[in-house]
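A.B. asks: The lines below spell out each chain.
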Amino acid sequence: MVLEEVKLENLEKGHILAFGECYKKMIHPSSFEILTPLKEISESLRKKLILICLTASLEETENFEDLKKCLADEIWFILNPELKDFKDDLWARVLAEIVKNSRPYGFFFPATIIGTSLAPRLAGILKLGLCAHVNSLELKDNQIIMARPTYGENVIAKLISKSVPVMATISLGTFPINYKNKEPLIKKVIFPETFSWESKLKIKRFFPTKKKITKLSAAKVIVAGGRGLKNKENFQKLFELAKLLNAEVGATRPVCYEGWAEEERMIGVSGVTVRPKVYIGFGISGALQHTVGMENSEFIIAVNTDKEAPLVKIANVAFITDASILLDILIEKLKTMK
Amino acid sequence: MLNYSFSEEQKILIELITKIGEEYIKPYALKWDEEEILEERPLKALADADLFGIIIPSEYGGLGWGCLEMCLAIEKLSYYCAGISTTYAATFLGSYPIILFGNKEQKEKYLPEIAKGHKICAFALTEPQAGSDAFAIKTIAKKEGDFYYINGMKHFITNGGIADIYIVIALTDPSKGARGASAFLIEKNDPGFSIGKKEKKLGLRSSMTTELLFNDCKIPKNRLIGKEGMGFIIALKTLDFGRCGVGAQAIGIAQAAMEVSLKYAFYRIQFGQPVYNFQAVNHTFAEMATKIEAARALVYNVAKYIDNGAKDVSGVSSMAKYFATDIAMWVTERAIQMMGGFGYMRDYPVQKYFRDAKCLQIYEGTNEIQKNIIARELLKYYK
Amino acid sequence: MNKIIVCIKGVPIPGTIKVDSETHTLKRESLELILNPNDRVAIEMAIRLKEIYDFKVIVISMGPPNVIPILKHAYALGCDEMILLSDKIFAGSDTLATSLVLAKAIQTLSPYSLILTGLKSIDGETAQVPPEIGALLEIPSITNVKKLFKQNGFWIIIRENEYGEEELELSEPFVASINSHTFDYLRPPSLKRLLEVKKIEPVIFTANELGLSPEQVGLKGSPTQVINIFEKKIEAKGTIMEGSPQELAEKLIRILKTKDLI
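Residue numbers (my numbering), protein chains in the order written: chain A, 15 to 352; chain B, 5 to 387; chain C, 1289 to 1550.
One chain only, chain A, in its complex shape:
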């Protein structure tokens, strides 16, 4: 593919940038998610929305076609063999050059592990403000206002950043992926010869994850468990139920910290946001940390002993009983029905 080339110093200035995570032959879907709110904002501000992708080469990217229908107006590729591996220091320096030369109005990252490693490093280099794990973006008097739950409690903080570009990482799964018909303009940014592609990090080996990455954010049905299930053994029964209902298993933060479930199953602020057709929460009281990640589910069922629990209140139907007991009976009944 022949790309339009543009020199670093000639980059267009003043737009909105989004980080497109291209790694291990994949464009991380969260990069497309964050374009959804940013598109609205960039249109209101009459600025272009530009996706910034760092990678070694364009070959072999499995979901390259998705790029062509994403919401970005332009995609800027920075291509160099040294970008094959994620090296925090080098990648941050590359982005710092992009920012210095294109002087964007905003720069946003998906809150992936790479995104949350890279954004603060870039913010540190450029001494910029950075908001973390934002789950809402709005524009007021041309100022970007960001919101996020904080203090692990039912507290929401609204934040602004006084420095330009405004920077934030955006919670995973918070926004749906939208596409458009018009293909974005794809450009290749040419860095000057003098730029050093060296890194102090040497990636020696890579062990791909053996765990099947849970498809939580895409699941149609989710059965989730919280501390009310009392122990890991009870929590494990959710997997049996999930099998019977063709569902995915989700978990609250405390449960992941207890080691009952892998962190990939965490729903909420520091985990993923889900919007299934049916969500069933077993023994989940519903701290904001969790509910922000599932409140947009189409139909919410809560099972809890506490009538006053927040999840019971947001549920379409709530069953007031011991979640572990109900879970046992439910599995038994469903098994006999099959």
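It is worth saying that the hints were derived from the structure and are not from the lab. Some hints here could point you the wrong way.
With beta-carbon atoms standing in for the labels, derived distance ranges [as the list claims (entries may be wrong)]:
(1) R350/B - P1302/C: 28 to 34 Å
(2) K1435/C - I366/B: 46 to 52 Å
(3) S150/A - S1459/C: 39 to 45 Å
(4) D320/A - E1538/C: 19 to 25 Å
(5) K1525/C - K176/A: 36 to 42 Å
(6) P1357/C - I366/B: 40 to 46 Å
(7) K176/A - K1315/C: 22 to 28 Å
(8) S150/A - K35/B: 39 to 45 Å
Note that CB positions come from ideal geometry on N, CA and C, so glycine has one too.
Once you have looked at the hints, place chains B and C on chain A.
C.D. replies: What follows is chains B and C alone, placed relative to chain A:
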């Protein structure tokens, strides 16, 4: 309810054990009991917290504290799991002979490792035919050149199989009876030494109890503790010190049983009100609380008496052991009754406290033997 | 002796933060702070490295004087020196301003081998400070590290991300945030160290001593600002079902049928 004026150090000790109990013990105690296992984690936590060094003199890497601190530690630990506290207390029982009677070389070699918790101890006196009648032991230690050869067996030995160091009482001169017994230090890998059957117990199920087998067990002569013939003096002295610890265990268990059942009685509604409102229930708790305080006062006072350097501690330490453990038995039984069916279920811990408490009336000298000792001491004291 | 610096944070006890519905400010029900649980993992990592390579472990925290017990707790866990960065003008610092204060203090400790941190705090949950410190000190930063050891004069690091585990090689110094599930066992405080630390106090550095002006730190030095804070109120909206677990299970199955799940 009684507030003891503990020193800053003692308060730090209690707070630390509480922390360890909450984090490393409480969530798992019922599971350990159910599965009859001893996990390494709680012992590692006790070791990393320096808690195995409480009574080890500071020149050997311990804290050099006394019997009262040991009792406070054991009481608090028993509140969380008497199985763990038995493992813990038994290692003190195995280290007392070295502290009290060991020579400098033995102390230097073993005490620092015990203080760090790198080496667990056990104390082995009981044999199949020698329980309360401890003088009936048959295990023999025969000296040949620079070595002793030990033959025989011990049974019901706490920390059997998990200990690194065993203090074993054996006869060096069977013709002299009790005066012919000696104490030896056996290391777990000594040739001819092996672990026999692992016992299945009613309670204290996360503490390991096994037989010890000696089949021409060959040990160098410097493993003799004290002198030949001192075996029973060493054993009795060790038990004098240890008995307070059993009393402390009893208070810890009783306290836990009372708290669990009390909380239940506050919240359990029958006939339209908390069952605590019924006199049969609240008077039982009044008795429980009073008896626990009385037992605690006795145990602490005996511990302080020992720490003040008293020589004649047999009678009073027997009182502490027998009184506190009988109370623990009574309290844990009543605690089950106060909770009705729930108390009997293995989902709740009170039934475990009840099973654990039973052993305390038996081990380290049955309560009947304790009364024998007290009676014998009375005769001396009021002669 | 080579040094490891561990940055820790005192966080409010979970559940003690509420919002004043009128003033929209945070109400703290308790001034007591606890050691951020994720930082305990970083301390454990430091202590294990100290046991292998004989490091001196320096623990450092920014905050008001009620952070001192947290530093002492870290000492009891095995850290060797305590540093508190405390000044009224630090109040209100965002992650960048906080990182600047920490970086300035760490510079005074140079040379050092490693800076370790927890993955994130349980209150702010930003995970931003470690990479920001790395950027400000111009040393590498690596996040979500599960393993660290020395080999042929280099450090070998295993870090985890969504794609798998990567093995990295780099030379000191660098900043690493430690994965919260790195260890099965975290040691408790030591009794001896608890007794020792009663007699010692952390070294305290103020803004002035670190060469920081009021413009660089606190609210003034923080590019990000909280403009509003509120508690999310929830109104009940659905149906509440009560009864025996058997009955409830039946009802739930009927609902699942209407949703075509069975």
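A.B. asks: Could you check the structure against the hints above and give me the numbers of any it violates, in ascending order?
C.D. replies: none
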